[in-house]
Amino acid sequence: MFLFLALLDSPGEQEKFREIYEHYRHFMWYLANQRLQDEHLAEDAVQEAFLALTRHLDKVEDVYSPRTKRFLSTIVRSKAVDILRKREPEQEFEDCMEDGRGGTDILEQYLRKEQYNQLVSCILELDDRYRTVFEYKYLYQMTDAEIGDILGISAKNVNVRYFRARKKLQEMIRKEGGRYEKA
Amino acid sequence: MKKPEKLTRGEELLAQALEECLDEDLSFVPPEREIARTHRFSERFAESMDRFLGKEVREKEIRRHFMPRYGYLAACMLVFCVCGGLFLGVLYPEWSRTGSTADETQTEESTADMPEEAVEDAAASAEGAVSGGVSEDYGVTAQSEAAEPEEAAAAADGGTPAAKEYCGQTVYPADQQEVPETLGGVTVKVNSPVQDEETPVLYLTIGNTGEDTVEYEDRCALEVWLDDGWYALPVYEEKEIRTGELEAGMAVDEIVDLSSYEIDYSAQRFRLVTRVNGDKIGAEFTFSEEFSESMNS
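Note that the protein sequences, when read in sequence, are chains U and S. Just so you know, our numbering puts 91 at position 70 of the first sequence, and the rest follows in order with no gaps. Just so you know, our numbering puts 348 at position 290 of the second sequence, and the rest follows in order with no gaps.
Please note that the accuracy of each hint is not assured.
Stated by the list, open to error - A partial selection of chain S residues facing chain U, derived with a Cβ cut-off under 8 angstroms: (1) Leu71; (2) Ala94; (3) Val259; (4) Leu284.
I should point out that these hints are in silico values taken from the structure, not numbers from a laboratory. Note that CB positions come from ideal geometry on N, CA and C, so glycine has one too.
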């Protein structure tokens, strides 16, 4: 579990990993604890996140850049989501049964400049398990296989979760749009 | 990160919105230092991470980069010295004999200004060294011994102070060296705002005013001065020594429960000693008269 540095080949990578650990561990714990409301589970999420990071350290160019900070926040949040899902198997089962591809995907039609503010407010309300998939895909340009590796699920399931996320966001924007129109 | 793939206009907008939302969320997260002040990682977490980020890697690095080279270097030097010695011994036997004579002369000169006892010691050392085939360092040894007569006397009398009886218990001498209050940007203070008779505790505050994170032991030793030196007070319940990290600009309190010790509070000098980055650091204190009376009664 903790053979982090053994997983990294070059001393440069090890140094980079150590820098990230020194600089962001409390930040990552804070984010995990916000979601989990449990200090020890939050530590587990941080450890899981660092383990995942060893396999995707190439995504980090500058340790101190805002992009790296965002990337780490996405990883640790998705790990917190994982832990939550493991604690609530019923919800997980319900999600598995749900067909992610159901309905028509017309999200693209909602993604217009005029609806940007609605989009932002919907993303802020979007569940982390969906939002992190979007972030991996659109902010860090990761493939389904890479996302699956971090999340511990297959690429196919990543795709399912991605379509489910699109559908959810689409519904939220539609509802939000209705509220705007009424106002 | 790898170059972004071609995104549709809608997806670009989505990416922009995601980034904005993430930045907004992260803007509410306090700075790392502030979180570190309020949160301390559990022992389990810290140990695991330390083990794999610190010691093992350093050892691995040393093994990988230093040890083989050191080994080669040492082997080369050994071979060189042996070959050189054999070569000189075979070809120039007279030169090596002359060298020994010169060493003896030098010994006589260097001992000329020493005190008698030191000269005797030096001569004895020289004899031993010469007979053993080494004749280089004894002069320095004799000088250093002469420079530290008090230590030598103490050693002759039995060295460090002996164990004593204190408050019905045997106390053993602690490290007699003076322990600094400030060491490389780290300062310790004994801080006891309230001395409560019910729960008498002391706080040893360790403040890191330096620029680097330091490692400190979360247990400190209580020592008392008795006539001739510092003595460590035994504690009822031994606590496992754990280390913690103290980041630059941070301070931490180590709590010492006085009820774990048998103490004569009227003793004049006490000190709390801990270790920072492996070095001893501590602060002296005394108990106020009022507190001493109430506690001793």
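Which of the listed hints are broken here? 3, 4
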